[in-house]
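Number of protein chains: 2
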Amino acid sequence: MAVTIKNIADACNVSRGTVDRALNNRGKINPEKKELILAKAKELGYKPNYIARSLKRGKTNTIGIIVFNLYNEFFSSLINSMEEKAKEKDYHIDLALTHYDKDTEKKCVESMIRRQVDGLILCSVNNKKDYSSWLQKFNIPVVSLANKISNKIPYISVDDRRAMKDATQYVADKGYDRIIYISPPLAYEDTHNIYALKQRFEGFSQVNMEHESIIIESKDYIRELETINILEYKTAILCTSDIYALEVLNYLKEKKIKIPSQVGVMGFDNINMLKYIEPHLTTVSYPIEQIGAIAIDSISQAIENGNKIQNMVITHEIIIGESL
Amino acid sequence: MAVTIKNIADACNVSRGTVDRALNNRGKINPEKKELILAKAKELGYKPNYIARSLKRGKTNTIGIIVFNLYNEFFSSLINSMEEKAKEKDYHIDLALTHYDKDTEKKCVESMIRRQVDGLILCSVNNKKDYSSWLQKFNIPVVSLANKISNKIPYISVDDRRAMKDATQYVADKGYDRIIYISPPLAYEDTHNIYALKQRFEGFSQVNMEHESIIIESKDYIRELETINILEYKTAILCTSDIYALEVLNYLKEKKIKIPSQVGVMGFDNINMLKYIEPHLTTVSYPIEQIGAIAIDSISQAIENGNKIQNMVITHEIIIGESL
Chain B
1 MAVTIKNIAD ACNVSRGTVD RALNNRGKIN PEKKELILAK AKELGYKPNY IARSLKRGKT
61 NTIGIIVFNL YNEFFSSLIN SMEEKAKEKD YHIDLALTHY DKDTEKKCVE SMIRRQVDGL
121 ILCSVNNKKD YSSWLQKFNI PVVSLANKIS NKIPYISVDD RRAMKDATQY VADKGYDRII
181 YISPPLAYED THNIYALKQR FEGFSQVNME HESIIIESKD YIRELETINI LEYKTAILCT
241 SDIYALEVLN YLKEKKIKIP SQVGVMGFDN INMLKYIEPH LTTVSYPIEQ IGAIAIDSIS
301 QAIENGNKIQ NMVITHEIII GESL
Chain P
1 MAVTIKNIAD ACNVSRGTVD RALNNRGKIN PEKKELILAK AKELGYKPNY IARSLKRGKT
61 NTIGIIVFNL YNEFFSSLIN SMEEKAKEKD YHIDLALTHY DKDTEKKCVE SMIRRQVDGL
121 ILCSVNNKKD YSSWLQKFNI PVVSLANKIS NKIPYISVDD RRAMKDATQY VADKGYDRII
181 YISPPLAYED THNIYALKQR FEGFSQVNME HESIIIESKD YIRELETINI LEYKTAILCT
241 SDIYALEVLN YLKEKKIKIP SQVGVMGFDN INMLKYIEPH LTTVSYPIEQ IGAIAIDSIS
301 QAIENGNKIQ NMVITHEIII GESL
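First to last, the protein sequences are chains B and P.
Counted from 1, the first sequence has number 244 at position 244 by the UniProt record's numbering; the numbering is strictly sequential.
Counted from 1, the second sequence has number 71 at position 71 by the UniProt record's numbering; the numbering is strictly sequential.
Simulated from the structure, these hints should not be mistaken for lab results.
Do not take every clue at face value.
Each pair may be met inside one copy or between any two copies, as identical chains are not told apart.
[Unchecked claim] Straight line, CA to CA, 25 Å or less: simulated DSS-like cross-link-like pairs of lysine-lysine: (1) Lys-102 <-> Lys-87; (2) Lys-102 <-> Lys-219; (3) Lys-253 <-> Lys-275; (4) Lys-42 <-> Lys-102; (5) Lys-308 <-> Lys-42; (6) Lys-256 <-> Lys-107; (7) Lys-87 <-> Lys-59; (8) Lys-85 <-> Lys-234; (9) Lys-137 <-> Lys-42; (10) Lys-107 <-> Lys-42; (11) Lys-255 <-> Lys-275; (12) Lys-59 <-> Lys-85.
Chain B extracted, bound-state conformation (with noise of 0.2 Å):
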């Protein structure tokens, strides 16, 4: 059984109101008392009741974060750094994943909200304006990384147009005449949060190559990629996420085309475990460990100072590898 405020009281033979004081510091309480009151409390193993102070204090030091899932190491790069630095500041963390699902996204916050999370991070699926105000009547800190939604909520992440068009260039200057250029597909625009695919492609879009690029935005990537001889050109293939770039390492290897003197490939992301593959993969890196520290960090604040989050760009920094 938990010790209660009332067994302290009865073992010190004072009021409920005076054991109070003594836990709480406050109020006017004779000094002897307060240490006799403390020293019994500490004897009892009394814990002080977390959700009855929430209750109270209308703060439950919880930050909900809400992302896709975890099996990309991306997410769970971040959810690491996010859970260290909460810890740091004496906040715990509420998971929870959608698996791409907005309708998962929006259970999941209205959740979140009942059991009054003090703020909130979201990796959104859901997008426009409408979220963005049934997000903000909450009246909590809400912060969105990786894929903004609205300029109503703040946002942290790297500048994905200027990284992708940076890593473009960089195959260009490479001295490959043409891009196989693969994303998830750009088409769900209007019903899902692609903001950071479409920041990518519009940079990728910014640099010109000799021969037409070609664009497969599809879940079946390898297949369509069957259908197009990659031999054809000096060619490069640009892949918006390290994981697909592995995956067309795989492809390129089972199909006995060297890489990169047959064909280049490049990814995005820099995931730690790319230190395993070969050959070493060239890409972006995206400081996901720092962004999730940063943004606990502001939001910590804006929950206890009521400050403002900035919107925040990271820096990206193209990593040479051996597959270009």
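With chain B held as given, fit chain P onto it using these hints.
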């Protein structure tokens, strides 16, 4: 501002008690009045305050999950599967990471208890009877995964001893006559929970090889490996995790030692990323996602029906690759 029971009561011109009976489907209430109240609650956008409700019902629908970290894909797959199963069962996940620190783990447990989680699932760094007695006194269901805490705490895992014995026998049957066994330090036994590691080592020790095995139990295993003439006999390097095996593969490739013709390598875990690794790693499957789902299933039943949670052993399997 959140809509309260009082707002609904005022709007319907009834007492708060009546609204409470309507919303919570209990006590006597005129059906028409109930319908009116429910319609008004919906119209006003009433959301039950789960925290206040938790206080009354003594249940938060939250399961606390404490693991080492999410750097190893093993744990992110575990969390992913548990979150999915928990959501299906209408539970939330409160996640904390210990980074192998015993005090951090205890603080995580205490903090979750204060937040009144309904149950706890641990990959524990702590062990021994003192710890399991301490956990038991909180009087909520507790499950340990991967690392057994004591006979008092239910434990869901593969049979680590048997799995490593099978792996070792597989190496011997492939014609190798010496094994270099790489494990995290077994000397941690007195201070840390290394139950699974110890079981694996015992399984390994049950198989006789022609030449004496070399045991490397160090975090600096690559440096230790450098001091050994690994080409002396027909040698296989058997690792207690895939991550170690991947580091060993990288080392051997750097030294231009051919795998498996000069040295064989075997891992443990069968993490998903192995599909991108060359040569395909021979390893032992550890069905971590299945274990995660079973753990949530068991603990939710224990929370709801008071069922005793049974120990469970999940079947492992040798995964034949090209590295042996």
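Worksheet entry | Numbered hints the structure breaks, given as an ascending list | 5, 6, 8
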